[in-house]
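Protein chains: 4
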Amino acid sequence: MIVVMKPDATQSQIAATEQKLKQLGFGYQTIVGEQRVVIGATGDQRDKVMSLALEWDGVEKVVPILQPYKLASREFRPESSVIKVKDVAIGNGELVVAAGPCAVETDEQMRKTAAAVKAAGGQILRGGAYKPRTSPYSFQGYGVAGLKMIKHAADDAGLLVITEVVEPNDVETVAEYTDIVQIGARNMQNYSLLKKVGKLHQPVMLKRGLASTIEEWLMAAEYILSEGNSDVILCERGIRTYETTTRNTLDLSAVPVLKALTHLPVFVDPSHGTGKRHLVPAMAKAAVAVGADGLLIEIHPNPAEALSDGPQSLELESFAMLMRQLGYLH
Amino acid sequence: MIVVMKPDATQSQIAATEQKLKQLGFGYQTIVGEQRVVIGATGDQRDKVMSLALEWDGVEKVVPILQPYKLASREFRPESSVIKVKDVAIGNGELVVAAGPCAVETDEQMRKTAAAVKAAGGQILRGGAYKPRTSPYSFQGYGVAGLKMIKHAADDAGLLVITEVVEPNDVETVAEYTDIVQIGARNMQNYSLLKKVGKLHQPVMLKRGLASTIEEWLMAAEYILSEGNSDVILCERGIRTYETTTRNTLDLSAVPVLKALTHLPVFVDPSHGTGKRHLVPAMAKAAVAVGADGLLIEIHPNPAEALSDGPQSLELESFAMLMRQLGYLH
Amino acid sequence: MIVVMKPDATQSQIAATEQKLKQLGFGYQTIVGEQRVVIGATGDQRDKVMSLALEWDGVEKVVPILQPYKLASREFRPESSVIKVKDVAIGNGELVVAAGPCAVETDEQMRKTAAAVKAAGGQILRGGAYKPRTSPYSFQGYGVAGLKMIKHAADDAGLLVITEVVEPNDVETVAEYTDIVQIGARNMQNYSLLKKVGKLHQPVMLKRGLASTIEEWLMAAEYILSEGNSDVILCERGIRTYETTTRNTLDLSAVPVLKALTHLPVFVDPSHGTGKRHLVPAMAKAAVAVGADGLLIEIHPNPAEALSDGPQSLELESFAMLMRQLGYLH
Amino acid sequence: MIVVMKPDATQSQIAATEQKLKQLGFGYQTIVGEQRVVIGATGDQRDKVMSLALEWDGVEKVVPILQPYKLASREFRPESSVIKVKDVAIGNGELVVAAGPCAVETDEQMRKTAAAVKAAGGQILRGGAYKPRTSPYSFQGYGVAGLKMIKHAADDAGLLVITEVVEPNDVETVAEYTDIVQIGARNMQNYSLLKKVGKLHQPVMLKRGLASTIEEWLMAAEYILSEGNSDVILCERGIRTYETTTRNTLDLSAVPVLKALTHLPVFVDPSHGTGKRHLVPAMAKAAVAVGADGLLIEIHPNPAEALSDGPQSLELESFAMLMRQLGYLH
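Residue numbers (the working numbering), protein chains in the order written: chain A, 2 to 331; chain B, 2 to 331; chain C, 2 to 331; chain D, 2 to 331.
Heads up, some of the hints might be wrong.
Since the list can't tell identical chains apart, any single copy or any two copies may satisfy a pair.
30 Å max Cα-Cα, derived DSSO-like pairs, lysine-lysine [said to hold, decoys possible]: (1) Lys-71 <-> Lys-277; (2) Lys-23 <-> Lys-7; (3) Lys-21 <-> Lys-62; (4) Lys-149 <-> Lys-87; (5) Lys-87 <-> Lys-71; (6) Lys-21 <-> Lys-277; (7) Lys-200 <-> Lys-85; (8) Lys-113 <-> Lys-21; (9) Lys-23 <-> Lys-277; (10) Lys-200 <-> Lys-23; (11) Lys-62 <-> Lys-23; (12) Lys-119 <-> Lys-71; (13) Lys-23 <-> Lys-85; (14) Lys-200 <-> Lys-71; (15) Lys-149 <-> Lys-196; (16) Lys-7 <-> Lys-21; (17) Lys-149 <-> Lys-71; (18) Lys-277 <-> Lys-149; (19) Lys-277 <-> Lys-113; (20) Lys-62 <-> Lys-149; (21) Lys-149 <-> Lys-21; (22) Lys-277 <-> Lys-7; (23) Lys-62 <-> Lys-7; (24) Lys-113 <-> Lys-62; (25) Lys-277 <-> Lys-62.
These aren't lab readings, by the way, just hints derived from the structure by calculation.
Working from the sequences, and respecting the hints, build out all of it.
Laid out in structure tokens, this is it:
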């Protein structure tokens, strides 16, 4: 880290700062500029020490040099991670598509959807049995009954399952029924939950928080990785901005940014990213163009009857057409 | 709600829309404008129905008229709620001050801090035993040992306790040691946790989410209220913006906005709201000027040694001076 | 517009509101809901009247139904506008590429760049002679000398010219040397400038403001259109968010959103949109996938020597490779 | 500035970087850390050189140490600037209040308003003769006729005048009629306009741009200062965020932040900052509590008839009451 002294820092303040860095086990080197003295400190840069240094007399600011995440970084693991789930490989350059309804509602709904996903060339069936909803009066999901429906439909169609878990106590139960465990945007910084899924032997899809920076997102991934689970898939789903024509602003530049910073695979969710069905196909194609490893798309046999997020769900036929345009289904 | 038809909607689409509203139990009235037909639907406006209506042929958009929260609204309860915790009343027009360190560290730290809070005229001791931290490598709090330290120090000094709970399984334990249970910004939409504290017979302080709208915040309060706990205190702690000179942007206008929309009391946290010690006194005074019912302030006997958030913690003397300026301690 | 009365509005306040709407020339229809009375007013909805109505006793809020822009809307002109500039057509389904340096620096720089643009299949040479810079101490462009350089280089290579104008007094001069006049992000709401270019008989490219909503952007286009110039091209160039890994957040969903709202063609600028060279190719491809009519790309024969925006400029070879990947240059 | 080398930078890349810094006239010092080499460069840090250095082989990032503004900084001028306009001093610790309508409409309106401002203890009459409006169809101000009305009303009442200028060609004209020239939020980065008012011998009030950082704002002030006009007053008026209950989010922490960074006086505009009349008094009091040098408040004898911004204008009586609460008018 770089410790920048105030323009009016005294010689003794500078000496004291050097002394403290030394006591904390840092190497240091002092640079006398025209308007400021800066001290480069070499060694392990925990945020604790940066906060400490800010308190010392004469210190103006402290600039970190190293990234705060380690296991998630490309420096730690230069080659891209490929995550294998049964016969599906995520992150090996081939597009993987997970599709399904926002909420698991009925056996028939799931059966029809699973057939459509399979027929269109998708690999994973999505659907929520536990729904975090803004309003306590909205439908909150069918729980275990929902898990059984999605598992059953996926098995029949020969698809993998992805479904969300929203609280630590449900992790084992959800893990029984799903191939990939999803952590939703609202829970990206629910650290109890992250630690719990970090102990699973199953891949975890970690959605970006509503207004999370890419660094915070990678730090959340680090929570899972540091518990021993190295199979983390990131999923960009739009961030909060001032623009109101879309539900969120899908940050597609996050994909190449992440590809440079981390070895983890990256999905894109154009459904939550826009909130509007008519924008989904264009943004799905753009996500592929930008290098996403996979797509997470909301589809429904009858969006007008959906118990949740109908307006952003594609009809099964539109989904098939999109998959054709993406090069599946010749 | 108002259903706005597309400019080219046909007569039969309009008739079908009216028919569907009727079937769903709505009253309706149709207004023929120069460029659009709009249909006013009267009845209970669940978000489910608004989504449904968006799917109907010829419908352009659906505009809600009523607020989605009920128990939290001033319409439901016109007079301001006053929350009594032992001998302290929150929301009755007198400023209440909670102060203490970000993290509970030692008995001595808590004892010194409690004495300073009491001496300065504060009523509540704050301090975290469970710390949600961005990095898995940062200090995460001392758990039950920390709860005991804060409880002991507060009892000795004659102060109330406020401390944070971060996961549903800890709710009962935390509740044993604290007078007010705090839900942090990262957990504002952790619905399992909200439901759990909604069953307590203790006040809950609900901090605003990192990038939450005021409506989402009141909906989170509604989760607690709808479980039966009517003692919810809101706490503004800054929102995420593009500005980088402060850690967050403290949205003081949220206080008078909330005073118009809800009967619940409102605190302000100028420490997290700014992230910088030298900004805290000015923003604390502004919070009082704008009508806050209370302040939540980070203080530490030795910020340079704090295990968390040192840079935004006031020293005990600066806190005493601020309290004097706020009219405590003559 | 819809006038929503307060829950406690009296019969006489409702009657007075109806009376005032009538006096202002509106038709109206009153809907009595369970919790609110709403009045639908039909007629011309100027923002003036909406503000007025907000002042009336008993009125809670006023909801607009119609969009505030007219000439820019798809309702006004359902078919997409195709803008012809000499032999280049913009908006007819074929991708148009404008490329060049941020700032015009030397004849040689422009000659080399123009040759590279032409060879790669591009149609338009970009380059700034008037540079709006955040710092007064940064290079501000060569003015007329710069205009001559870009015009000369483009003519030699058989390319069109696009260049920015930053103040009303320069509009005629700039227009002499350029085929398309560019209004930069910082000037999107410089209404004197918009009115001036609205009187030109040349196409205008209007970049989205730094933090402009799509509605504000279309209102800015309306300023130009309402002066008589119907050849407006919109250009998405990233919006301001809290994320810091990119200079701006490129809002690619703006392209399909605009395609639904307006008949005007839409370009995307992945260079300013990201601020980092290594992100430009991926985002350029995504822009094409999402349906952009054209790209505006910064390139430079030697970015390391660029007087402005070097870090986001592609080298000429990387540009040629990108064009090949986009299907130009077989 | 600090040049951070990539983790895999070679010795020869490091040597080449040192060589280039030397050639550019920088002193430098190289620090070898465990994971990175960083090079501290001392000398004048123009943004040009930082961009250049980013291009060198093996360089990962470049971190600025010095602020990019000079004349506006407290380092340049440690004591606070006091700006004297006739008998009013701005920045000397006493609150100055400017009030008036958004738009100058009639002689009578201005006369009534001026009398109310004077009677309440205000010092400056505000009112716009040139109005930058989002819609080309909205009222744009009466121009010179408006300037005459406000000047006349202010002279009669013994008040100073502040009014906005929106284009370079009008600067001299506006300056004739006003004591303080206002640059509005939309024009904060209209550099032609800034340079023009930088040549005036009159104070300039520079409002913060809609989504400007504090650094960009000070850079805009630097444009005016560097032209020779040292009398710049900053005015916080709210920034754009995702929150929709207020028109903007008033960033009151900007006041103490600016007080630390710059010697220039700071006003606050609670009217544009909130967009709602009922929030203005609370935010005005908070602005005073936080240390603002002055307030800019919209008032109108009859807000329901205002041609612009009626909903955020205080009635004359409410203004008088606010002034009483602020300690004027005993």
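Check: Taking each numbered hint in turn, which are not upheld by the structure, reported in ascending numerical order?
Finding: Hints 10, 12, 13, 17, 20 and 21 not satisfied by this model.
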